[in-house]
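Q: Single-letter residue listing:
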Amino acid sequence: MAEKSRAVLTGKHFMQGDIACAEGAIAAGCRFFAGYPITPATEVAERMARRLPEVKGVYVQMEDELASMAAVIGASYAGVKSMTATSGPGFSLMVENLGLAFMTETPCVLVNIMRGGPSTGQPTKPGQQDVMQAKWGSHGDYEIIALAPSSVQEIFDLTIEAFNLSETYRTPVVVLADEIVGHMRERVTIPEADEITVIDRKKPRVPPGEFASFKPDEDLVPPMACFGEGYRFHATGLTHDESGRPSTSSAEAQQKLVQRLCDKIRKNADKIVKTERTMLEDAEVAVVAYGITSRSALSAVQKAREAGIKAGLFRPITLWPFPDQQVSQVAKKVDAIVVLEMNYGQLVREVERAAKETPVIFLSKLGEEPHKPAEILQAMRRALQ
Amino acid sequence: MSEELHPFETFLRKEMIPHIWCDGCGNGIILNSYLMALKDLNIDFNKVVTVAGIGCIGRVSGYTKTDSYHTTHGRAVAFATGVKLANPELKVAVISGDGDLFAIGGNHFIHAARRNVNLQVICANNFTYGMTGGQYGPTTPLDAWTSTTPYGNVEHPFNLIHLAAASGAVYVARWTTLHVRRLTESIKKALQKEGFSFIEVITPCPEIYGRYNKMRTGIDMMNWFRKASEIRNYSDPAKAEITPERIVLGEFVDIEKPSFGRLLHGMTAKVQEKMKRGNR
Amino acid sequence: MPLKLWRKPLDADKIKVLHGEVYIIKERCKGGKGCNFCIEYCPKEVLEESEEFNKKGFHPPRVKDENNCVLCGFCEAVCPDFAIFTVEKNCEGGC
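Chains as they are written, first to last, in my numbering: chain A, 1 to 385; chain B, 386 to 665; chain C, 666 to 760.
Hints are computed from structural coordinates only; laboratory data are not their basis.
Fair warning: there could be bad hints in the mix.
[Unchecked claim] Listed next, the stretches of chain B that the computed footprint assigns to chain A, with coverage defined by at least 3 CB atoms under 8 Å from CB atoms of chain A:
(1) 392-405
(2) 445-458
(3) 649-657
Note that the Cβ used here is the ideal one computed from N, Cα and C, for glycine as well.
Here chain A stands alone, though its shape is the one from the complex (with noise of 0.2 Å):
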């Protein structure tokens, strides 16, 4: 049990979110991380570069985040959890293999603390600019699983879920930071490894022979045969049949193939989508923040409920799929939503179709400084006028 104890940190520390994320990592058993240093996420291939060789792992630092992306499939492909780390400018080549990833089914985690965009932007400055593109930044039709910390706490517990998400579904999943979570430190409880969750990718049953590497179970997910184990399987990034077979001109198998890889997302969203309610029950006003931006909300939220003003908090844990239920259950019961985001208006268009007849107010803010409670209050107050 020596290994496990050097994996997983058991205790309380005094820690920065950058590292937290790469010690769930670790603990998660991501043993592979491919990256490319960038602001702000830079301090995430720093730890792992020291992390990964005590417990048997590889770090491996490419030529560019095009290359990261890819080498990380290819290591998972080869058996082992992998990550990579990066930030807007680098997300932005990631998103080409983040493609081949979810074609190929491809168990894998994507961390990009977000900065201010677009292009290089401000390099150390917070951002949630780039919530949109996860979910449609690269082309074609797919579903991505994207999770959003608020602490320094979470991103620690989020990268385990992280791993644990893709390994169920075998598709990849962003981790969306904001660089005030990856940069903060803050106390983290590291828990002893037993009682941490692990789950390990379905493997086949059936012998090489009879194996179809992409023939899903009942619940979508095809169990994952990996390079070297005698299954000789082919994976591409074209659309191919059951068998892995390159099925280019078939209008059948397009259909078939982007219609089962969408939905193994969206008809197990009620399985993967995690949400928290503050103060919600009797709410005449909800905020919806996530990430950084929901703790400066939640403390407008307790500053309203004193000044007599029945507000609630919805925070988004899950950003893709989006909790487009929950959001529609909150609208229904309070008479307008203040939704917040460090970006010109992303979340708040999902939010906005979920809420449909409730009015919804968007407060932007770009720059170093999230929202003040001072202004979300404000905003609620008149989103109830």
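With chain A fixed as given, assemble chains B and C onto it according to the hints.
A: For chains B and C alone, kept in the frame of chain A given last:
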């Protein structure tokens, strides 16, 4: 004829054969040669991963009955790097085209060679982008006609041998599909080398490249190779550029250098050892 | 013919020249003007063009004189389509 089976029958994914390549294309010869090398060396097919990028030759991964992966355009070497580092027991070969490896994937190639990742890279050089209908690429000879050089190519091509050697590959060779025996021997040698090996295979593309350049059949192109070929083992890679008059073939580099995997896993072992002694 | 005598290897009597049987998988072949590598590069000119069509409209080669085949295997090696191969002929009863 009788029930006799082709000797490579079990090495091919029969459900994907016949392949998509045109008549007169040399890609099948490269696949043939690769399989012959694997067979001759008696390598366990269960431990081989064949990786390919995008382009005509990219389909080679599907035809080879090993574990195989068909990546996005240009990323075959990067993908293969991840595979090899994650499981060093696997034999990982990349078979891809000149456009895939040296235009869109050029950066990955030079860095994998620099790191000396234990990969065998075979490049099918047909001087053009065949899959998209014959545009000029990084190896198209000067003055050659293609669909996007209707007035002749005004770009200088790469000398891939020089590029691979300068980037740090431990084994570098060039053959044509006509030199199939020597090519097979070369692939065998590469498969047994530790580190990054590179074999350039000049291959006919009469349908797409040849027809623009007065070589309408596979035989026209192969006869050009025969006429222009000159075997000069261990000659200067800098002087190995391809011209219509001269295609220098042979082994250019064959050196020993610890592979990236060896250094990396060696470092990990040292860290482990240090931790055992308790002085973290 | 003095030249021929001079060229005859000294151990010619001890070395057994192998003979091959040629197998052509016609449906895989992409033979015709576009390819014909096996015909062109067979050192013993064992194969020739034929008028026969396969299902894909290609012309698989025809064996002209199998007795000339010395089992060098070049046709098999140079065939891009895995459509031709040779096996050793049983010559116990003479070839």
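Q: How about the region 445-458 of chain B: do at least three of its residues have a C-beta closer than 8 Å to a C-beta of chain A?
A: holds (count 10)
Q: According to a criterion of three or more residues whose C-beta lies within less than 8 Å of a C-beta of chain A, is the region 649-657 of chain B covered?
A: As far as the region 649-657 of chain B goes, the hint holds, because 5 residues have Cβ atoms under 8 Å from chain A.
Q: Check whether three or more residues of the region 392-405 of chain B sit with their beta carbon closer than 8 Å to a beta carbon of chain A.
A: holds (count 3)
Of the numbered hints given earlier, the model fails none.
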